[in-house]
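Protein chains in written order, with the numbering used here: chain A, 1 to 318; chain B, 1001 to 1436; chain C, 2001 to 2182.
Hints are computed from structural coordinates only; laboratory data are not their basis. Just so we're clear, the structure is a prediction, and the values are computed from it rather than from any experiment. It is possible that some hints are incorrect.
Computed list of lysine to any residue pairs in SDA-like fashion (alpha-carbon distance at most 25 Å, straight line) [as the list claims (entries may be wrong)]:
1) C/LYS2149 to C/GLU2025
2) A/LYS37 to C/ASP2116
3) A/LYS36 to C/ARG2076
4) A/LYS89 to B/ARG1253
5) A/LYS89 to A/GLY108
6) B/LYS1403 to B/SER1413
7) A/LYS208 to B/GLU1072
8) A/LYS36 to C/GLY2095
9) A/LYS37 to C/VAL2164
10) B/LYS1403 to B/VAL1375
11) A/LYS89 to B/ALA1208
12) A/LYS208 to A/ASP282
13) C/LYS2026 to C/ARG2072
14) A/LYS89 to B/ALA1398
15) A/LYS4 to C/LYS2026
16) A/LYS37 to C/GLY2108
17) A/LYS36 to C/GLU2025
18) A/LYS4 to C/ARG2076
19) B/LYS1175 to B/ALA1208
20) B/LYS1175 to B/LEU1190
21) B/LYS1403 to B/ASN1283
22) A/LYS36 to A/LYS208
23) A/LYS36 to C/SER2090
24) A/LYS36 to C/ARG2123
25) A/LYS37 to A/THR13
26) B/LYS1175 to B/ARG1253
27) A/LYS66 to C/LYS2026
28) A/LYS66 to C/ARG2081
29) B/LYS1175 to B/SER1231
30) A/LYS66 to A/ALA29
31) B/LYS1175 to B/PRO1256
32) C/LYS2149 to C/VAL2164
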Amino acid sequence: MLGKHLLSAADLTRDQALLILDTTSELAAVADRSVKKLPTLRGRTVVNLFFEDSTRTRLSFELAAKRLSADVITFSAKGSSVSKGESLKDTALTLEAMGADAVIIRHGASGAPQRLATAGWIDGAVLNAGDGTHEHPTQALLDAYTLRRHTRGGHGDLSGVRVVIVGDVLHSRVARSNVLLLETLGAEVTLVAPPTLLPVGVENWPCKVSYHLDEVLPNADAVMMLRVQAERMAGAYFPSTLEYSRMYGLDARRMALMEPEAIVMHPGPMNRGLEISADVADADRAVVVEQVANGVNVRMACLYLLLGGASSEGQGSQ
Amino acid sequence: MSMIIRGAQPYGEVAQDIEISDGVISRISPAGSPPEEDASHDAFDVELDAAGCVLLPGLVDLHTHLREPGREDSETIATGSRAAAKGGFTCVHAMANTAPVADTAGVVEQVWRRGVETGLVDVRPVGAVTVGLQGAQLAELGAMASSAAQVRVFSDDGLCVHDPLLMRRALEYVKAFDGVVAQHAQDPRLTEGAQMNEGELSGRLGLAGWPAVAEEAIIARDVLLAEHVDSRLHVCHVSTAGSVEVVRWAKARGIPVTAEATPHHLLLTEELVASFDPIYKVNPPLRREEDVMALREAVVDGTIDIIATDHAPHPREDKDCEWAAAAMGMIGLETALPIASQVFIESGLMDWRALGERLSVAPARIGRVADQGTVIEVGAPANLVVWDPSQSTVVTPAMFESKSANSPYLGRSFAGTVRHVIFRGRPTVVSGEVVS
Amino acid sequence: MPAREVLDASDIRRAIRRMSHEIIEKSRGVDDLVLLGIPTRGVWLAQRIAHDIAEIEGHAVPSGALDVTLYRDDLRLRQVRALEPTDIPSVGIDGKTVVLVDDVLYSGRTIRAALDALNDIGRPGAVRLAVMVDRGHRELPIRPDFVGKNLPTATDEAVRVRFVESDGDDAVVIESAGEHAR
């Protein structure tokens, strides 16, 4: 149904994406029960392989796996003194020896999950939890799930839903995955950023591009703010954080330009005061906290669909 | 030692029998001719069958990395020489980015001597332009030129001589000994952390881009400097259509610039990077289809004077990892001629005489190597390669003489193969195998 | 080998009516009843029983759906299955008499999974089982409380219950070996 691995939003067909989102809807009910547990992945071993620090995503995956009764091991490599490169292969071989059924990998190098999936070091499923500046498919899925609940009366069809994504698109795997997935689901995406923070060739991406946030906000069903790193000033991407906020930050004045039902999203963690003001972050229409809850359910759906059936050797791996 | 090569076609033309003795070509006669009446021997020491084969002057590589001293885990002068011979080369220029860097007479003489001891190809050390490749201070270019290694080609390859003043001084200085500065054109500020060609694909894959302008802008500056100080400039591994335009413009103005392209830049495109397999990671990076086509055109019309391998061995662990952590480079000595034959001969774009120019004659001329890349005639030094179009070159890890196997062509096969190679009148490769 | 119709639309209608009466009688009234159909066809059946009970008693009975996919014991034997909708009525199941409703009772494993699912959702006061067809060949100690029709079958036969809501007509048919297996 999904193939052996979940490496990128680009790989998902519309049917596969809808399957994940519909499965998420069913699994969301589990969170409301007193026994928040399903026996489905009992006896499976899921490894969290996090080479980049990320408490929130790691916990989200851990919880998702545990709710499905899987055994979870977390390997956190940040700060440990393994030399670059060597660590991925040797770590993978160690996990294989331990019998990992699935490896959830977050890595600073674009393409690392793909290497893990194709190099022949492990047998299990690979789930990309974010690779470099390339993709973060489960983030896009939870964003799409959140959008479904808050647009078009919550009936689940994203065709024609207008989504604006604002910020450092150039370095954002969240932006890439969202553009790809939302296009697959029929939504209309507009990217807003200064020219220095847009990738070469973005004019060929399946979305619109604008340098002017104020012009775009009145016609949005959802505005997704991306985290901007102040360190980018060193690369001369923008002159100062103040100028960035002035031109591309979402504050109360800009929020008032939005349609009353439009929502504000953010993948987190937020830089309050930089890309998003405190007023907006705490507004009713900001669904940031709900995104986190949806994240657990989406990840449960992904784990179920990857591991919930017969193991997929020979089912056309990535 | 006396030798005869039977039935070879020099430059792919008429079949001849070529006799060799004392290191030079002693007689050329139509294939199957009876021996001379005054022959001083009854039989030859070595007889090589070359029926249906093409005979070219031994190939000369202006750009090879032999890794010794310092990185003998990936290649040594001995294994690199074997790889070169297997590929049809009788002379290679060994780049200076070793450890220690080849920036003194001592190191270049060491490299040269190892090459002589191995005795399979002429190893011509390339001298670094700047001390330690740091780009700050000129290395002792004169000492290297006068040393036993007789260095004539100077390059910081791996790195760009980006300081315009240093580049000017280097260009001026080497005039004294007919040297040439070979520039690795890559503006460091525009390519910090770069992983692949900058373009739509790099944007989609989330890999930092290496924009074409970082190469073209340096070449544009350097050809103007070369014109200003009237000195020879050689441009390493040209990779973009824009760079070709700049070189063409410079030549039209009479600027003494030469340029090279690698086999991989003449064959492979950036689409391969989408697999994130680091076997395709190289510097300069694989570019677009338009760039490959422009480079091919330039090789045909001579804007690109030579094909050079940029043979860059790396141990397995430097490629067996995620893209960002992988080393840049591909081996290429043993696949250069098969690729050149496929791209230029099989397609009808060039004939063997012209390809011989690109692979042997012109590189020898640029490197000022007197007894390589010579005309196939009586009295010429016997550095020759016999190419058999009827056999295939099947690329497998086991096939490589090189110590490393980081080739993007594993699993592919090319029409034609190197059958015999003669170096200074002695066979180094017979029937496709390097002689010990 | 053509399929053999063993119950037609009228037979089904009467059977449902009878089961509805039996459920009311056995539960001594309908105050704490909750019907949960197992998707897909158990859901239609549950709705029809709920409708009949409401007609008979003049009192609505909550009905919903309970998908048991996540609790099946044969998940690893084939490709992963898509989930069906679960809809627990707002009254919940704690202390209630839950009547599980399914179209065909065979090995009993589906009902075992349903019992595990119920267990994680709450603590029913009692659980009963109503099925349209009991075709025998139980592999677990599960027995139905309310049965539309007992149909002894061979293991190489398949029993298909058709409901208008999903299949266009109402019927119960037996297909012999060679037709698609369960």
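Each hint tested on the structure:
The straight-line distance between the Cα atoms of C/LYS2149 and C/GLU2025 is roughly 19 Å, inside the 25 Å bound, and the hint therefore holds. Among the hinted pairs, A/LYS37 with C/ASP2116 is consistent with the structure: their alpha-carbon atoms are about 11 Å apart, no more than 25 Å. The suggested pairing of A/LYS36 with C/ARG2076 holds, with an alpha-carbon distance near 22 Å, which does not exceed 25 Å. Distance check on the hinted pair: A/LYS89 and B/ARG1253 sit about 53 Å apart at the alpha-carbon level, beyond 25 Å; violated.
This hinted pair checks out: A/LYS89 and A/GLY108 have alpha carbons roughly 15 Å apart, not beyond 25 Å. Taken as a hint, the B/LYS1403 and B/SER1413 pair is honoured in the structure, with Cα atoms around 20 Å apart against an allowance of 25 Å. The hinted pair formed by A/LYS208 and B/GLU1072 fails the criterion: a straight-line CA distance of about 52 Å is larger than 25 Å. Our distance criterion of 25 Å between C-alpha atoms is met by A/LYS36 and C/GLY2095, whose separation comes to about 20 Å.
With a C-alpha separation of about 35 Å, the suggested pairing of A/LYS37 with C/VAL2164 is violated against the 25 Å cut-off. Simply put, B/LYS1403 and B/VAL1375 have alpha-carbon atoms about 33 Å apart, too far for the 25 Å limit, and the pair is violated. Note on A/LYS89 and B/ALA1208: the hinted pairing holds, with a Cα-Cα distance of about 23 Å set against a maximum of 25 Å. Between the alpha carbons of A/LYS208 and A/ASP282 the distance comes to roughly 28 Å, so the proposed pair goes past 25 Å and is violated.
The hinted pair formed by C/LYS2026 and C/ARG2072 fails the criterion: a straight-line CA distance of about 29 Å is larger than 25 Å. For the given pair, A/LYS89 sits about 23 Å from B/ALA1398 by alpha-carbon distance, which is consistent with the 25 Å threshold. A hinted pair counts as satisfied when its Cα atoms are at most 25 Å apart, and A/LYS4 with C/LYS2026 does not qualify at roughly 50 Å. The suggested pairing of A/LYS37 with C/GLY2108 holds, with an alpha-carbon distance near 23 Å, which does not exceed 25 Å.
Straight-line distance between C-alpha atoms of A/LYS36 and C/GLU2025 comes to about 36 Å, which puts the hinted pair past the 25 Å bound. Distance hint between A/LYS4 and C/ARG2076 is fulfilled; the C-alpha atoms sit about 14 Å from each other, no more than 25 Å. Under the criterion of a C-alpha separation no larger than 25 Å, the hint pairing B/LYS1175 with B/ALA1208 is inconsistent with the structure, at around 39 Å. Proximity of B/LYS1175 to B/LEU1190 is assessed by CA-CA distance (about 30 Å); at most 25 Å being required, the pair is judged violated.
Taking the CA atoms of B/LYS1403 and B/ASN1283, the gap is about 20 Å. The hint holds against a cut of 25 Å. A C-alpha spacing of about 41 Å is found between A/LYS36 and A/LYS208, which places the hinted pair above 25 Å, so the restraint is violated. This hinted pair checks out: A/LYS36 and C/SER2090 have alpha carbons roughly 18 Å apart, not beyond 25 Å. A hinted pair counts as satisfied when its Cα atoms are at most 25 Å apart, and A/LYS36 with C/ARG2123 qualifies at roughly 14 Å.
Of the pairs offered as hints, the one joining A/LYS37 and A/THR13 is violated, with about 29 Å between alpha carbons and a cut-off of 25 Å exceeded. About 20 Å separates the Cα atoms of B/LYS1175 and B/ARG1253, which keeps this hinted pair within 25 Å; it holds. With a CA separation close to 41 Å, the supplied pair A/LYS66 and C/LYS2026 exceeds the 25 Å bound. About 20 Å separates the Cα atoms of A/LYS66 and C/ARG2081, which keeps this hinted pair within 25 Å; it holds.
A C-alpha spacing of about 6 Å is found between B/LYS1175 and B/SER1231, which places the hinted pair at or below 25 Å, so the restraint holds. Straight-line distance between C-alpha atoms of A/LYS66 and A/ALA29 comes to about 16 Å, which keeps the hinted pair within the 25 Å bound. Proximity of B/LYS1175 to B/PRO1256 is assessed by CA-CA distance (about 12 Å); at most 25 Å being required, the pair is judged to hold. For the suggested pair C/LYS2149 and C/VAL2164, the alpha carbons sit about 19 Å apart, so the restraint of at most 25 Å is met.
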